[in-house]
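**Q** Model the full structure from these sequences, guided by the hints.
If you read the protein sequences in the order shown, they are chains A and B. For the first sequence, the positions run 4 to 221 when the working numbering is used. For the second sequence, the positions run 86 to 253 when the working numbering is used.
I should point out that these hints are in silico values taken from the structure, not numbers from a laboratory. Quantities reported herein were computed from a predicted structural model and do not represent experimental measurements. There are no misleading hints in this set.
Under the rule of at most 20 Å between Cα atoms (straight-line distance), these lysine to aspartate or glutamate pairs were calculated in the DMTMM-like manner:
# : chain 1 : residue 1 : chain 2 : residue 2
1 : A       : 208       : B       : 124
2 : A       : 206       : B       : 93
3 : A       : 82        : B       : 156
4 : A       : 208       : B       : 133
5 : A       : 82        : A       : 71
6 : A       : 83        : B       : 154
7 : A       : 163       : B       : 93
8 : A       : 206       : B       : 133
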Amino acid sequence: LSERGGRTGKAETGRKRLGEVSNTELDRLVRGARQGRMEDFHRLYEIYSRKILNYLYRMTGSREEAEDLAQDTFVLAFKKLDSLKDPTKFQSWLFRIAQNNVYQKYRGKKPQIESIDREESAELSDLQKSATPPKSPEDSVLSEELERLIENAIAELPEKYRVVFVLSAVQRLSYLEISEIVDRSLASVKSDIHRARVAVRDKVKDYLGENYGMSKLY
Amino acid sequence: MECRSCTEALTALLDDELAPEERTSLEEHLARCPRCSEEFGALRRTTELAGALGQLDPSLQLWSRIRVEIDQPSLVGSWIAQLGRLLFRPWVPVSALAGLLVVILALNFQDSTHPLETEFATFIQERERVFNEQRGILFSPDAVYRYRQSRNPFVQPASYLDGNPFQE
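**A** Written as structure tokens, this is what we have:
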């Protein structure tokens, strides 16, 4: 039952589990970026851009729109860094900016999901393709059919549930961080995450039934 | 622990968000409840599948685009920023307040005009209009010419002879 330990310590442990940056380093980078040091802000970008991009991709369903929103998110973050009181909350703060951008642009609109490979071949230039490896080996464990099924199940969730589902199940953020991002109580977030998880489970139930045990994947 | 009360906790257990005592209690329940155990398995598989979805890598151009926008803020952005900076200068709120007071006083002055004043102003305007009309008729070129002709002692207007009882 405890296969994936390490998140009990809430946000703090969650960050350490990701193994990307310590709170001390994060504090230093944020303070440096506030003073206009672009190399520090670039480091922050390197750490968080993939997460933000993928979160936005799951929320919008389009790589192009996700990149546009990611651009807006980082530009706004740089300009508003002074308003971030606690530098160690940078990740939650950044996700919140991204979420606000999504709300502003796509209020009440469901994403039209295209699979990453198809979209890349359709939309990206050769330069982009060469600069963007399609998927890392650990990302390719799902069949195209199953990936499509889950993407559609997530896309069909009501926005309120989609946000918390993506943040918890895909981005693996702690409940505390998610409650900070969506500005709702911990209890409300916990309840919504469960409902979203059950809704997605219902959508993929038939597939799971046929492939019970998932031995080919895990 | 009962099945009904543990439903929501199953997801929290998956996400390692339970306190140690809650976790122990739930694990004990799952060990003896096949139904909840099956539900937990389905939720776990759903979570694992979502976590295994393909991930995008940011394109190389993304950072360049961000850098360009940071270095060269948009015109609107710079206008807003300038406005913001302007508003925080100490003399601006004072000037704005003074201007506002002047506008309020002017509006009050306008509003306090007595109806008789308005009526009198209308009357004066009407008088001026009528006067100008009459003046236009009186001082038209034709009228001036005829006036001058009638006053010239060396010129006898034709009309003067009309009806002269001494003329044959």
